[in-house]
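Peer 1: Chain residues, written in single-letter form:
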Amino acid sequence: MPEETLLSDEFVRQLINVGEVDILIGLPTYNNARTIQQVTRAIQAGILKCFPRERAVIINADGGSQDGTPQMVTGASIDDIWSASKVYALRTLHAVSTQYAKVPEPGRALRTILAAADLLRARATVMISPDEATIEPDWLQRLVKPIYNDNFDFVSPIYRRQRFEGVLMRNLLYPMTRAIYGCDLHEPFASEFAISSRFAGDFLNQDIWGDEWARVGPEMCLTISAITGKYRLYQVFLGMKAHGNRTARDLVFALRRTVGSLFFCLDRTFPSWSAVTSLQSVPSANGHCEVKPEAVKVNRKRLREMFVHGVSELQPVFRSILTPGTLGELQNIASLDGDQFRYPPDLWAKTVFEFASSFHKSVINRDHIIQALGPLFRGRALSFLLENRDATEDQVEHSVEALCQEFEHTRPYFLEVWNHRK
Amino acid sequence: MRDIIVTELTQGLQGIARAFAHYLPGLIVMLIVVLVGWVIAYLLKVIVRYVLRLTKFSKLSENAGATELLKQAALPSSTELVSRFVFWVAWVGFILIGADALGIVGLQEYTSRFFLFLPRLFVAIVILFFGLLAASFFSRAVLLAAVNANLRPSKLLSYSVRFIISLFTLAMAFEVLGVAEGTLLIAFGAAFGALMLALAIAFGLGGQDMAREFLERRFARNRRDEKEDELFPL
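Residue numbers (this note's numbering), protein chains in the order written: chain A, 29 to 450; chain B, 131 to 364.
A hint or two may mislead.
[Unchecked claim] Derived pair list, reagent style PhoX-like, types lysine-lysine, alpha-carbon separation capped at 20 Å:
hint, chain 1, residue 1, chain 2, residue 2
1, B, Lys-201, A, Lys-389
2, B, Lys-189, B, Lys-201
3, A, Lys-173, A, Lys-77
4, A, Lys-389, B, Lys-189
5, B, Lys-186, B, Lys-201
6, B, Lys-175, B, Lys-186
[What the hints assert, rightly or not] A few chain B residues facing chain A, derived, Cβ under 10 Å:
hint, residue
7, Ile-170
8, Lys-189
9, Glu-192
10, Leu-274
11, Ala-276
12, Asn-278
13, Arg-282
14, Ser-284
15, Lys-285
16, Ser-288
17, Pro-363
[To be verified] Not everything, but these chain A residues come out facing chain B in the computed CB check (under 8 Å):
hint, residue
18, Val-326
19, Met-334
20, Val-336
21, Gly-338
22, Glu-341
23, Gln-343
24, Gln-359
25, Ile-361
26, Ala-400
Read the hints as simulated data drawn from the structure, not as lab findings.
This structure is a prediction, so every number in the text was calculated from the model and none was measured.
For every residue, glycine included, the Cβ atom is placed at its ideal position computed from N, Cα and C.
For reference, chain A alone in the conformation it holds in the complex (with noise of 0.2 Å):
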């Protein structure tokens, strides 16, 4: 879709009312109303603070949102900011909302986002996740500054989180990621990250957008080719991750804008990571944030019936997918009692990197290969919950350290699976 039918008229109108910018932060709402006007002041707030002196503009693209959220980023006023600051900007901060589609689709969001950071000539686009409650102003610095002051193309964040969150990060995204890519970078899937001009115009001019995969996980897709592009890498601390609404719960959904979109992403990147040989640290900006433990409050006799249940009820579907081998091992895992159930690393490596393949030569319904997935990652989350009950948050970064290592052992496994098998 060229930039003229993806932007309305009316929102290119407004856009030529803002002019060029320097900085432009990116907002893709749907029904935030909860906590858009925290996010919204902590940017301006932000913005006052770090970047006085330039332009920028807050661009929201919204998926229809029935609870005010547009009328909430556009109408948040700036005066109790500068009051509190006592600090004045010396440009006008603009805040234009658009409403790309009547249903929420990141894809649409994203590009929405980068083709008005295109038309406006902005050196620096800044998304930032609507429901980050624990957002400061000084996250829109942290994030920026590397492409303003050291002309880094792609900034990711590095999250703290309590142990038992971020599961699918700590045992899927991140060692396949780094295992397959040969890059260190923490975060494949940031909801809040900055890119540099050069890149962000490379990403739109990109032929993926028809794609259902792309759509619904564009971020994958961005860090992927931040990767594979040979684009200047960067990695900043942010601190503490939250979790706003619950769609941050439903499992299939994350598996679909994550997983989905990193398998699609490994489907058109072959050429170059299959030629990666070592992995590549990123320089990144560390920090530290105390984190203040949760009670946990997962159940893990549920997580275990539905692994379970998965394993017994899905298996003309696992037929497909898996080999007998991987197939034997996980039902053997799943008559396992309580506390001896383990989903060993060297299995899910395996598991992962079946699917992975599967998903490749499309043995079945991609999305249906997604979803199958669904059960096994609930056992692998819970014998991650199983093996570091007592860990300190040390003991967890290391067990995911040795995760991560697992899977790059058994990377040319993948390479063989996915060359060969049927």
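Starting from the structure of chain A, add chain B where the hints point.
Peer 2: Leaving out everything else, chain B in the frame of chain A:
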């Protein structure tokens, strides 16, 4: 007496010879058509088999669940079955064309009926194939959704969807073929109604507790639900 018998036999033999001579060119034509038809049908079979292999038809039929059905019935693979079907349809067609050359009264009508029936047969087979494909796709989608939602009778739901779609497909295919339309309509209505009644009774009587639990979980939003769903994957 002897002369009469000899004369009659000679006349009879001459009659047979005349009749044979009358039919011989037609018979030769028929044999040639059948033979050429066999060659063409065989070539068609080879071509169809090659095209099906090229388009990975076996994978499609595996997805549709047709491969599993064929295996259970000890039948050859779907690719082989379709190519053999094409061979037989083509060859039978040529045999009927050849038989026309004999000039047998009434046979021409059957031949034209056969050729008029072919498009309907083809449509019925296409409906059957895509119906099976849809049944397999939707039953798997229901199975996956049910397993991920932790619904216990996931297999039952999946099989029910497969059964209903297959039933619809079969009814449509038979309707296209024009086989016992009225009987089929009644049978389908009765079977579908019985299925719905059975489900209603089964869920109404047997699933009271489950239904209550489901509704409580869905609408009451009690704290138990909150506790069960605190896994943040990202």
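Peer 1: Kindly indicate which numbered hints from before are broken by the structure, ordering the numbers from low to high.
Peer 2: 1, 7, 20, 23, 24 and 25
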